[in-house]
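In case you want the letters, here they are:
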Amino acid sequence: MPSLLKRGADLANARIQLDKLQSLDTDLIPHFGEKLKTSGLLPLKPTGVDILQINMGKMCNQICKHCHVDAGPDRKEIMTRETLQQCLDALDNSGIKTVDLTGGAPEMNPEFRWFVEEVRKRGVHVMNRCNLTIVLANPKYNDLPLFFKEHQVEVISSMPHYTSGMTDRQRGNGVFDKSIRALQMLNEIGYGKEGSDLKLNLVYNPAGAFLPGDQNSLEMEFKNRLKKDFNIEFNQLFCITNMPISRFLEYLIESDNYEDYMKTLVDAYNPTAAAGVMCRSLVSVGWDGKLYDCDFNQMLDMELKENINHISKFDVEKIKERTILINQHCYGCTAGAGSSCGGETA
Amino acid sequence: MADSTYYKPEDLGKFGSITEMNKELGDKFFEYYGKVFEEGALTAREKSLMALAVSHAVQCPYCIDAYTNDGLKRGITETEMMEAVHVAGAIRGGASLVHGVQMMNIIKKKTM
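Heads up: the sequence lines are chains A and B, in that order.
Per my numbering, the very first residue in the first sequence carries number -19; after that it's consecutive.
Per my numbering, the very first residue in the second sequence carries number 5; after that it's consecutive.
I should point out that these hints are in silico values taken from the structure, not numbers from a laboratory.
Just so it is clear, CB atoms sit at the ideal spot from N, CA and C, and this is done for glycine as well.
Treat the hints with care, since some could be wrong.
[To be verified] Chain A side only, calculated, beta carbon under 7 Å to chain B, not exhaustive:
1. 116
2. 119
3. 121
4. 130
5. 143
6. 200
[Unchecked claim] Calculated pairs, DSSO-like style, for lysine-lysine (alpha carbon to alpha carbon, straight line, at most 30 Å):
7. 51/B - 15/A
8. 173/A - 27/B
9. 243/A - 27/B
[As the list claims (entries may be wrong)] Computed spacing ranges between beta-carbons, pair by pair:
10. 326/A - 47/B: 45 to 51 Å
11. -13/A - 9/B: 57 to 63 Å
12. 9/B - 289/A: 36 to 42 Å
13. 90/B - 200/A: 25 to 31 Å
14. 247/A - 42/B: 19 to 25 Å
15. 298/A - 47/B: 48 to 54 Å
16. 24/B - 132/A: 41 to 47 Å
17. 54/A - 41/B: 43 to 49 Å
18. 13/B - 101/A: 55 to 61 Å
19. 21/B - -1/A: 30 to 36 Å
20. 105/A - 48/B: 32 to 38 Å
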């Protein structure tokens, strides 16, 4: 299936997504700002800038049904070396100690290895959101696990289930088997093993219109099953709630789950999770260098205000003073135990 | 009343309101209910599957809704859930069939 953009679907347009998010009766789905106000969190302000999250491009070898980036093989947007250099300059001038690489498949950016090496030279920690199958997608990527090890990159990989059925339905046919093989390759060189410094964390996000369960229980279940069935080990499981945007929004609408899902998110609103939302401690860079409060706001074109809206103007003090932009999709990060790129927040 | 039914999905979300008409017993019930489903000698996951099977045995649409969704959140597979439903089916079917022994006893007593 091509991306929304390639298909010319209405939902490829961020404005149409926002209109859809705001189309529900406010008696059913109150304005997110009103909810935040009841928790004393309006206006939503940063607590710091600990992580620079960089979307290195929308190109991906997979075409997952729930992808909030609308990524895929037909997306050609890729961050240039010039923009990546501006990211390095931002690191040099800000004291930020963690970089979170995402995409698309970040490894498909031709500057990926150069960039990781440059970031590591600066003593900055690198988290890389690896879809696993990229390792086997082409011989030129087969040595990625060794590259990650050489540069002490933390690997964070999506794994919606420990069985093939749920995984392949969300991420595409054959993805589960390839992901298992890639995880075994990472284990073989020390990733995810007890006592090893090489961190391998998995991301669980539901393969459908429901919220993730308790992170600790799911982690235990994943550890038991992946060890027993495939002799795979990993460090932590991060539970992430699917955001009602882009391709997951399309799925919700087409499966007649949209209203119920939004109601489920609202009913599960948790003030503790709201206080810990990831946008309070990170800033997100788009493939073209534009800055956002998070990867989701990025996909909805909700960029930071003009004087701080591009990596070339990066000023960490101004960014810390900004007011975070919110909309109805933000309920996805405040439901239940909360959701962030690092899993639960409450 | 044309679109009215005895069972309304949204009523599941109002279950907690039963305390309105008897707070003491309602509160005691929910406290007990919560305790029952905590991790114990059985895991919360095992209890969820048992609850799903019992939901089918007692044919409670609210319970089926609740414990199918609970199973999905816990990562319980559809194969596991369907096996649990078959356990309910086997017990319910067996409960009918085992009475066939009573029938046979009468037949054998009454016939030559």
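Evaluation of the provided hints:
1. Below 7 Å, beta-carbon pairs count as interface contacts, and residue 116/A has none with chain B, the closest being about 25 Å; its hint is therefore violated.
2. Taking 7 Å as the C-beta cut-off, the interface hint given for residue 119/A is violated, the closest approach to chain B being about 34 Å.
3. Here the hint on residue 121/A is broken, as its CB sits about 29 Å from the closest CB of chain B, past 7 Å.
4. Interface hint at residue 130/A: violated, since its Cβ lies 34 Å from the closest Cβ of chain B, which is beyond the 7 Å cut-off.
5. A least Cβ separation of about 6 Å between residue 143/A and chain B falls short of the 7 Å threshold, and the interface hint therefore holds.
6. Taken as an interface hint, residue 200/A does not check out: its beta carbon lies about 9 Å from the nearest beta carbon of chain B, beyond 7 Å.
7. Of the pairs offered as hints, the one joining residue 51/B and residue 15/A is violated, with about 34 Å between alpha carbons and a cut-off of 30 Å exceeded.
8. Between the alpha carbons of residue 173/A and residue 27/B the distance comes to roughly 52 Å, so the proposed pair goes past 30 Å and is violated.
9. A threshold of 30 Å between alpha carbons decides the hint, and for residue 243/A with residue 27/B the separation of about 27 Å falls inside it, so the pair holds.
10. A hinted range of 45 to 51 Å for the beta carbons of residue 326/A and residue 47/B is inconsistent with their spacing of about 23 Å.
11. Taking 57 to 63 Å as the suggested C-beta distance range, the pair residue -13/A and residue 9/B does not conform, at roughly 39 Å.
12. For the pair residue 9/B and residue 289/A, the supplied restraint of 36 to 42 Å is violated, since their beta-carbon distance comes to about 52 Å.
13. Residue 90/B and residue 200/A have their C-beta atoms about 26 Å apart, which keeps the hinted 25 to 31 Å range intact.
14. Taking the beta carbon of each, residue 247/A and residue 42/B are about 22 Å apart, inside 19 to 25 Å as hinted.
15. Remark: the range hint 48 to 54 Å for residue 298/A to residue 47/B is upheld by a beta-carbon distance near 50 Å.
16. In this structure the hint that residue 24/B and residue 132/A lie 41 to 47 Å apart at CB is violated, the actual value being about 58 Å.
17. Checked against the hint of 43 to 49 Å, the C-beta distance between residue 54/A and residue 41/B comes to roughly 46 Å, which is consistent with it.
18. Distance hint check for residue 13/B and residue 101/A: the Cβ-Cβ separation is about 57 Å, which falls inside the suggested range of 55 to 61 Å.
19. The hinted window of 30 to 36 Å between residue 21/B and residue -1/A holds, with their beta carbons roughly 35 Å apart.
20. Distance hint for residue 105/A and residue 48/B: a CB-CB separation of about 35 Å, consistent with the stated range 32 to 38 Å.
Of the numbered hints stated above, those contradicted by the structure are hints 1, 2, 3, 4, 6, 7, 8, 10, 11, 12, 16, listed in ascending order.
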